[in-house]
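Trainee: Please model the entire structure based on the sequences and the hints provided.
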Amino acid sequence: MSSETKILFGFHAVGVRLKTAPSTILEVYADPTRRDVRMRQFLQRAREAGVRVIEADGPRLAKLAGGANHQGVVARVQPVAQARTLDDLLDQLDARSEPERRSDPPLLLVLDGVTDPHNLGACLRVADGAGAHAVIAPKDQSCGLTATVAKVASGAAETVPYFMVTNLARTLEALKQRGLWIIGTSDDAPRSLHQHDWRGPVAVVLGSEGKGIRPLVRRTCDELVSIPMRGVVESLNVSVASAVCLYEAVRQRLAASSTAPA
Numbered sequence: 307m308s309s310e311t312k313i314l315f316g317f318h319a320v321g322v323r324l325k326t327a328p329s330t331i332l333e334v335y336a337d338p339t340r341r342d343v344r345m346r347q348f349l350q351r352a353r354e355a356g357v358r359v360i361e362a363d364g365p366r367l368a369k370l371a372g373g374a375n376h377q378g379v380v381a382r383v384q385p386v387a388q389a390r391t392l393d394d395l396l397d398q399l400d401a402r403s404e405p406e407r408r409s410d411p412p413l414l415l416v417l418d419g420v421t422d423p424h425n426l427g428a429c430l431r432v433a434d435g436a437g438a439h440a441v442i443a444p445k446d447q448s449c450g451l452t453a454t455v456a457k458v459a460s461g462a463a464e465t466v467p468y469f470m471v472t473n474l475a476r477t478l479e480a481l482k483q484r485g486l487w488i489i490g491t492s493d494d495a496p497r498s499l500h501q502h503d504w505r506g507p508v509a510v511v512l513g514s515e516g517k518g519i520r521p522l523v524r525r526t527c528d529e530l531v532s533i534p535m536r537g538v539v540e541s542l543n544v545s546v547a548s549a550v551c552l553y554e555a556v557r558q559r560l561a562a563s564s565t566a567p568a
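In this note's numbering, the protein residues as written are 307 to 568.
Errors might be hidden in some of the hints.
[Stated by the list, open to error] Here are the simulated BS3-like cross-link-like pairs (lysine-lysine), alpha carbons at most 27 Å apart as the crow flies:
no.	residue 1	residue 2
1	Lys445	Lys482
2	Lys325	Lys369
3	Lys445	Lys517
4	Lys325	Lys312
5	Lys482	Lys517
Hint data in this document are derived by calculation from the structure and do not stem from the laboratory.
Mentor: Now the structure itself:
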């Protein structure tokens, strides 16, 4: 397979690509023995989009999907054009009009040490839902954008830029220079995330469950906040913690926009 193509599998991942960028789909492989309504509707959308559909049996689909649960649908696709670097993305955000920048300041999710593809996929899905502009992770001890990530993300891997950087602490310092406030999460932080002002440009940093944020990354943060835990469990899964933090930012921003003068 060419390095310029990749595999998507599952109805959500392939369906979102059909909806958002059908011209990038080279071909769809489908299980001809599956004739349920969901498959029929999917194949109709694919043909209406002019996508080539190839019948493939179970073993071939399993091989294409790397043995993962493909639901009878696999696609070979070209990459979707996105900002190639984090700097490019931030330049695009800075180039927006003043009302756009004021109403939708940068919101970034930073994952330090998340290696499980299911967790990364769930985090991308949360980031898309909350309108985050990108997800950032270090190249070492992190998960790349695998087919499993794309399936769990349910299309969000196609819409949310994911940048893997060489030196995470240095990248956070560069974000500070661009005016972003770096907020880390920690169980022992003195303030709750609800006490922080999330309305400005911000990057929220979460670590892996159990280990948390690495010490150097922690020292780079402008502030540390905690997620209030009222029960017996000591921590949340990283994707759940991402949702709690990002949607607190969404809540505050929506509240601010609803009270702003017209």
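Trainee: Work down the list of hints and note, for each, if the structure agrees.
Mentor: Evaluated hints:
no.	hint	in the structure
1	Lys445 with Lys482	holds (20 Å)
2	Lys325 with Lys369	holds (25 Å)
3	Lys445 with Lys517	holds (18 Å)
4	Lys325 with Lys312	holds (17 Å)
5	Lys482 with Lys517	holds (25 Å)
The structure fails none of the hints (numbered hints given earlier).
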